[in-house]
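*Asks:* Required output: the full structure, derived from the provided sequences and hints.
So you can see what is in the structure, the chains are spelled out below.
There are 2 protein chains.
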Amino acid sequence: MILGMEDFEAYAQSFVDGLMDGDVKNVVICPGSRSTPISIAFARRAGEVRQWVLYDERSAAFFALGMAKSSSSPVAVVCTSGTAAANLFPAVAEARLGRVPIIAVTADRPPESRDFGGAQTIDQVRLFGSHAKWSQDMPVASGADSSIRYARLVGARASHAAASTPQGPVQVNFSFREPLISEKPSVEGWEGRSRGGVAVVGSKSIADEGELRRVAAELSTLPRGIIVAGPGDYGGTLRDGLSTLSERMGWPILADALSNLRQDGALRSGLVRCYEPLVRSEGFRAKRPDCVVRLGGVPTSKELNSFCQGVRTVLLDDGEGWRDPDFWASTMVFGDLAHSVSCLSDALERAPAPDPTWLGTWLQADEEAQARMDALMDKMGEPFEGKLFHTLSKNLSPSSPLTVVVGSSMPVRDLDYFFPGGSKNIRLVANRGANGIDGVVSTAMGVSASEGDVLLVLGDVSFYHDMNGLLASKLYQLNATVIVVNNRGGGIFSFLAQHSLPKELFEQLFGEAHDLDFSAVRLLYGGEFSRVADWGSFDGALASSTKGKGLRVIEFVAPERERNLELHKEAFQKLSSPSTKGEVRR
Amino acid sequence: MILGMEDFEAYAQSFVDGLMDGDVKNVVICPGSRSTPISIAFARRAGEVRQWVLYDERSAAFFALGMAKSSSSPVAVVCTSGTAAANLFPAVAEARLGRVPIIAVTADRPPESRDFGGAQTIDQVRLFGSHAKWSQDMPVASGADSSIRYARLVGARASHAAASTPQGPVQVNFSFREPLISEKPSVEGWEGRSRGGVAVVGSKSIADEGELRRVAAELSTLPRGIIVAGPGDYGGTLRDGLSTLSERMGWPILADALSNLRQDGALRSGLVRCYEPLVRSEGFRAKRPDCVVRLGGVPTSKELNSFCQGVRTVLLDDGEGWRDPDFWASTMVFGDLAHSVSCLSDALERAPAPDPTWLGTWLQADEEAQARMDALMDKMGEPFEGKLFHTLSKNLSPSSPLTVVVGSSMPVRDLDYFFPGGSKNIRLVANRGANGIDGVVSTAMGVSASEGDVLLVLGDVSFYHDMNGLLASKLYQLNATVIVVNNRGGGIFSFLAQHSLPKELFEQLFGEAHDLDFSAVRLLYGGEFSRVADWGSFDGALASSTKGKGLRVIEFVAPERERNLELHKEAFQKLSSPSTKGEVRR
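Protein sequences, first through last, are from chains R and U.
To convert a position in the first sequence, counted from 1, into the working numbering, add 936.
To convert a position in the second sequence, counted from 1, into the working numbering, add 936.
Because the hints were derived from the structure by calculation, they are not lab data.
Warning: the hint list may mix true and false statements.
For identical chains, the list gives no copy identity; a pair is met inside one copy or between any two copies.
Result set (DMTMM-like, lysine to aspartate or glutamate): computed pairs, CA atoms no more than 25 angstroms apart in a straight line [what the hints assert, rightly or not]:
hint : residue 1 : residue 2
1    : 1439      : 1114
2    : 1238      : 1059
3    : 1410      : 1453
4    : 1505      : 1239
5    : 1120      : 1443
6    : 1360      : 1475
7    : 1505      : 1119
8    : 1120      : 1502
9    : 1238      : 1119
10   : 1485      : 1453
11   : 1410      : 1440
12   : 1410      : 1389
13   : 1360      : 1200
14   : 1238      : 1114
15   : 1238      : 1218
*Replies:* Take a look at the structure:
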């Protein structure tokens, strides 16, 4: 059907052309035999789709996730049959909950090989179960016109399914019989010859405007509310809408660090950055809000979640999800966020003026909390993990946009507490779908592949987990500064009830001591490595790194885990207990 | 119900006690918060169950698989909720097809957290789909007598399900609400206090004896058959039965390297070790057998599979599987292998004498092929990958039993071709369920944990894939010699049709060049490291290693991939073309 190609080649090519109809511009290829027709089909369009070849499928899938997260465009990841495909699972699970458009193209043995003991043959049909948004098990190639056309449309559908709101992972399982390569494979000259694709005009859901007016009317009776902006991407229209809503309601906007609304200029008004010490303070806890309007993902701060517990909550979601683990919601509003927020604002235009003091109280308390934090951090001589994020907030001002990827567990919590904002060029990103510590290095490398640079901050256990991800930086000369916060183990467990266990048992089950000399990564993956244990060295290493290229690993030697716990407790306590002067007025 | 314990503690303890009723003696624990009740329940019985704490769940699961493979006893692996659990998937898939008893205990958030946006909460119900033999989603703990008893029985059932023939992986998904630890956790003094378990008397399937007699009668009319012993565990009774069958039928036993029947003394008679050059030879290909009796897994040798194509085949399987990817089977016999083989032999006792020359032809040709191989290998000066296994065959004679784990892809194929047998103390093992290159280091470390030592031979890409697995050797002072056959990339692709691609494209998609300096592993994981590029150095390093303790990595610098291909082709050609003197007589 396609001139000069064998049936299976045309079939694979048509699928890949379909992915590209759907705007796939990057593919991560894991070498394998069974996937050859797909890999070669991508190679035929090398001028239009960038190929990244990586050898550990787990890392490769997270790399694709990083690229897709960065660009909000679908990224394909191709692997061979067998456990190779099973290795994609962690990233697929994260992509589902984190709403990231990746397309897992899993090559498979033909149907007659299934469950007949063939090599590298596992049951790959709906391999990722409920974790894939959409899954298609492709029949073996046929050269019939209808089959070729079918493959093209599946490619386009896969892209569309991954990219439509809420974005997420899809799987296309591709059976191939041998031969997997034709006798005279032609890989040149396909560019521009692809014809006959399908264009997909997507849709977005918007909430019912009449219902939204009723919600607004209800809100207007509640003078003391808060707007909580959880992790997520907030476009310009939405940001403006939030500020307008804040102004009209007289409600503060409590912005999660991962909302990226704390950065300079992101919001016109109403921003409260440093809410965590406030919601921990007795003053604020005594007088909780009447209402919460929440949007984006679940807030990083447990304290904020506990502060809002039991308060009437309007939860806005642009997907199909129900991201409400603490069961706050009294109203669920589904639909495009910018639309919902703007409708609420519009309906409130002529509403009575809200409590005129409420917003001011929050803004002033926030300012004071920030000042206290600045003062405390300035005095802090030890390499406290929280201060790392405060330092980045104050001192990191890249001349062009820079994404900062933050690891799960301690780093993202410290970020949320100690990063009160900063340069508008900074964009903070974390894997907050399933919050795993896995795949973080690869996620960051994917971001760098997409954007040209990245700054990654993660813990030592998380770094160990995905050291393999560093290979991408070596193979593709990716630029990345990686700050490994090394407290020699699983620091977070010291903050949990498990810490009450007898010390020896605690260390055995939760310590995660490893004693790894991370300088070895220089030998394996090249680049620069430095180990710093004080602020002077850290500032120097960071400054030098931000001017550098390639891989630059900075091991930040944090205090022992016990000391880390003490320092956190001390900071929490000091920052949540305002001096008399700064006491919350209300 | 259990004195002094909270409900959730008693529930978890009862489950763990149930696992131990089912003979679980080892558990691999991945640190995590949600799994705390399970981890602590294991800690309470620390004197009776060995705990291994590892931090990368993917590696941890393969480590459990290695232990379970080594001991044929179920090994549990415990992890926290979220992507942590998804990381177990590759090992679970391998365990299913490789028939290895592992018990994945995945901690989960409580049911009310599912699909409500909770942190580290993914859909874990039947997480591994068809890949787990059995899966149970446990309700949240209750202190009712019946619940405690239920948990106990689930533990016992999980062990039984994993260990019963065919062995395989099971999942128990364990929801816990907070608190995850009681205020005064008691972890001492549980040993010996566990009461009231269930004993499971297992069964094995045996084939119908009347049917077996009919099969034997049919076989006795076919004088020129072969017995193919694929990968698997062959106990003493089965080994004797095979020799008896061979003697009565006058058929040779073609033993896969992974059958471990090639080693000295494993079979009383009938053994053909070096069949691969024979089945490639024109002499043998011209006169194929009348019949094949095959048992164990699918043979490693593609050439043998092709040699048997279209021949009447009796396939014996002790599980429920249908391991017949080339569709040879004309008779499937399910049931215990020793029983089936012995019934066939018994029925043949008074059968007419078989073709008296057939067996002799094979045995002599095998002897000649071995002599040719010895001569060719002796002359081979280059560090040829195939010769590595020949060298191990000739020179490795450990004074006590030693398991040799062999990586997928090239190593296992080279092993099958170039390892004609050797010391009876050697046991060869590979992950031949799904044949992945992933998890191989961890599998070997699990074997070492079980047996006290291991020798691992694997390729460089496979080594890269699971370098994290080396952490186990460091944390637990495991003894292991790791031979990394480094041909700087994916050597196997040079043997496939993909090799016909333009060189640059081939290298990009299939080369897997990485340029990793593996000496870095010494810095990370300790132990010894040596790099050898000639036989003298290799012999020295191996000799020194076999006397050593701890981790000993030997990087075997193999010829470039192109040269590797040439050397293989040359060996295949020379060994399959007997001199006039050694020509096959028939």
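*Asks:* Would you mind marking each hint as holding or not holding in the structure?
*Replies:* Tested hints:
1. 1439 <-> 1114: Answer is between: at 21 angstroms across copies they meet the 25 angstroms cutoff, but 58 angstroms inside does not.
2. 1238 <-> 1059: between (40 angstroms within a copy, 22 angstroms between copies)
3. 1410 <-> 1453: Both: 19 angstroms inside a chain and 12 angstroms across chains, each within 25 angstroms.
4. 1505 <-> 1239: Cα proximity of residue 1505 and residue 1239: one copy only (14 angstroms, versus 67 angstroms across).
5. 1120 <-> 1443: between (60 angstroms within a copy, 17 angstroms between copies)
6. 1360 <-> 1475: within (20 angstroms within a copy, 61 angstroms between copies)
7. 1505 <-> 1119: Cα proximity of residue 1505 and residue 1119: across copies only (20 angstroms, versus 68 angstroms in one copy).
8. 1120 <-> 1502: between (68 angstroms within a copy, 22 angstroms between copies)
9. 1238 <-> 1119: between (60 angstroms within a copy, 21 angstroms between copies)
10. 1485 <-> 1453: Both, since 23 angstroms and 21 angstroms are each at most 25 angstroms.
11. 1410 <-> 1440: between (40 angstroms within a copy, 19 angstroms between copies)
12. 1410 <-> 1389: within (14 angstroms within a copy, 34 angstroms between copies)
13. 1360 <-> 1200: within (5 angstroms within a copy, 72 angstroms between copies)
14. 1238 <-> 1114: between (54 angstroms within a copy, 14 angstroms between copies)
15. 1238 <-> 1218: within (16 angstroms within a copy, 73 angstroms between copies)
When the structure is compared with the earlier hints, no violation turns up for any of them.
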